[in-house]
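Q: Each chain, letter by letter, is given below.
Number of protein chains: 2
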Amino acid sequence: MIERRDTRAVDVGGVLIGGGAPIAVQSMTNTDTRDAASTLAQIARLADAGCEIVRVAIPHADALDGFADICAASPLPVVADIHFDHRLAIEAVRRGAAKLRINPGNIGSMERVDAVIDAAGEAGIPIRIGVNAGSLAAEYESRDWALADKLAASAISFCEHFASRGFEDIVVSAKASSVQVTVDAYRRLARELPYPLHLGVTEAGTLRSGTVKSSVGLGILLAEGIGDTVRISLTADPVEEVRVAWDILASLDIRRIGPEIVSCPTCGRCEIDLIPIADEITRRLQDVRTPVKVAVMGCVVNGPGEARDADFGVAAGRGVGVLFAKGQPLRKVPEDQIVDALMAEIAAFAAEHPGV
Amino acid sequence: MIERRDTRAVDVGGVLIGGGAPIAVQSMTNTDTRDAASTLAQIARLADAGCEIVRVAIPHADALDGFADICAASPLPVVADIHFDHRLAIEAVRRGAAKLRINPGNIGSMERVDAVIDAAGEAGIPIRIGVNAGSLAAEYESRDWALADKLAASAISFCEHFASRGFEDIVVSAKASSVQVTVDAYRRLARELPYPLHLGVTEAGTLRSGTVKSSVGLGILLAEGIGDTVRISLTADPVEEVRVAWDILASLDIRRIGPEIVSCPTCGRCEIDLIPIADEITRRLQDVRTPVKVAVMGCVVNGPGEARDADFGVAAGRGVGVLFAKGQPLRKVPEDQIVDALMAEIAAFAAEHPGV
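Chains A and B, in that order, give the protein sequences.
Position 238 of the first sequence, counted from 1, bears residue number 243 in the working numbering, the numbering being contiguous throughout.
Position 160 of the second sequence, counted from 1, bears residue number 165 in the working numbering, the numbering being contiguous throughout.
Worth flagging that the hints you see were computed from the coordinates, not collected in a lab.
Among these hints, one or two may not hold up.
No copy is singled out in the list; a pair is fine if it fits within one copy or between any two copies.
What the hints assert, rightly or not - Result set (SDA-like, lysine to any residue): computed pairs, CA atoms no more than 20 Å apart in a straight line: (1) Lys331 <-> Asp189; (2) Lys298 <-> Arg213; (3) Lys331 <-> Ser147; (4) Lys331 <-> His358; (5) Lys337 <-> Arg323; (6) Lys298 <-> Ser140.
Quick caveat, the model's predicted, so the values are computed rather than measured.
Between the sequences and the hints, there should be enough to build the whole structure, so can you do that?
A: This is how it looks when you write it as structure tokens:
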């Protein structure tokens, strides 16, 4: 069991972050915010995949009407992502934002930041202070410090300013595209701040390399009990961000949405074409929300051992598969019926255990 | 900089593992070992992707001739993977194995294990003691210990036996499909053994979830300086295992093969269809071996900052991209020429810096 770091809690439209609440999964829309219908359709897909909080960019004033429509109809709490223009942030609060995300270092002046703080405070919504290696405030950019220290010190000094104004409804992030910088920055934030932390590796890259960088960086931090909400940044469909986020949480047994699939890597011992079978089972389990452990094994060496440990499993040999449930062999089925037979067993179980 | 754990070194057909050598990337063929031509074709693809040691299963005696042909023609050192039958291991040594992988717990008796040790010792090749949660020796399986302790204790006791026989040309692994169990087991091995460690999360799953589990588990260990060679287990084309392994090593700045791509996740601020551009750049850089950092940004907020830090980059806006090199803007190019223009810059640089 991982011991979570103790933090304050903030409420984002009914979803708690920090204070011992489950680590919340976030993503961000990449549709045009002015196009509320497309953005809401993407939010619906994100919610189906297990997204719990969604962020939407407001790049210009002409996105504010769309943002209001999105907030009114979204099934998820909506965070307004604002850069440069404090008036957009204040307006976003009026239009229904459940939380603001700003980088105080690029808002222009602390007076303007204060106006945003006051607007959020009056509306009773939290602010994420999102410092980013790509947009550090000039006073930190020029220092001869390690980047992780620049990021952390910048975020901490903004937190102190917010607190001095009586506002502590804060979530903090300090993202870099370097895993080591990200890890070092968050470790310092975790030591020095009482606020919940939003984890992410920024500009992580395309699907595979971004998945790896995010998994390594967030895995290290989460295993140390650091992190209260996560957003995976991928140059890909944001639904993939949500799937990777859940896979990371599941990998450390922190939270699980739906099934865990263990499947063997196949080797020269494998007497069955296992990869399409495992892919098909994975695909057909994608919308199942029951937390079952399913083993898909093509090997007499590790297959029975791992399948025994699973809720359901198949150990497949030449042209046949032996189905298992809770350690007990059920029956042999021909190769072309393995997937259907396994899915039927899981469906019967899932009907009795609908999951989260 | 990560401080690596100090270990003995072993030589696998010219590739060193441990003793401060670069962390070696391994994979395993999933072709039929009797079919040497197909197996060698897969090994060639693995080598192209950056695989440095390849493992081949010998499930039965009728795979031995193919194994010999594979060893004779492989561009990579070949490890023989043997279960149950010590005679196959001894025969594999004669047929040219650069290393053996056995799980001493399933070889039948310590006398038979000793025969394998002696054969490897005479040939001067190392043995990996590969303990696995799916095939623990019965004496450990039945104990009331945490699984990580069963795995580690079993591996350590085999090491002691090998050492008592004067054989210390050992690599050790203790894999489970649980990340936490894997991490705990390897931490104990790292504390208690002087031998290099082969890292892996076994039966990690299909492409996405297996990538995540492997990245989290190996990322945690590698960041602590633990691990001397890695094999990613995926139910997928083994070439993907090699790519993920390199991405994990690169994510922690341990080793890099070819370019690093940072790319933004796109959001409502993005005025260009960035995902296909980033995917195309990633695809076209796949065979480049020069370690360049390439930024693909669709945003005026973080784009210029990150692109400035990269060797080459593009910050793309509405219909155009600004190319950067080493912090200096080069020129604007129309959207449909971004990829070609960026690739031309990188190709010119790569011609002068052929990489590793």
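Q: It remains to establish, for every hint, whether it holds in the given structure.
A: Right, here's what the structure says about each hint:
no., hint, result
1, Lys331 <-> Asp189, "neither (42 Å within a copy, 25 Å between copies)"
2, Lys298 <-> Arg213, "between (24 Å within a copy, 16 Å between copies)"
3, Lys331 <-> Ser147, "between (60 Å within a copy, 18 Å between copies)"
4, Lys331 <-> His358, "within (15 Å within a copy, 56 Å between copies)"
5, Lys337 <-> Arg323, "within (12 Å within a copy, 59 Å between copies)"
6, Lys298 <-> Ser140, "between (43 Å within a copy, 19 Å between copies)"
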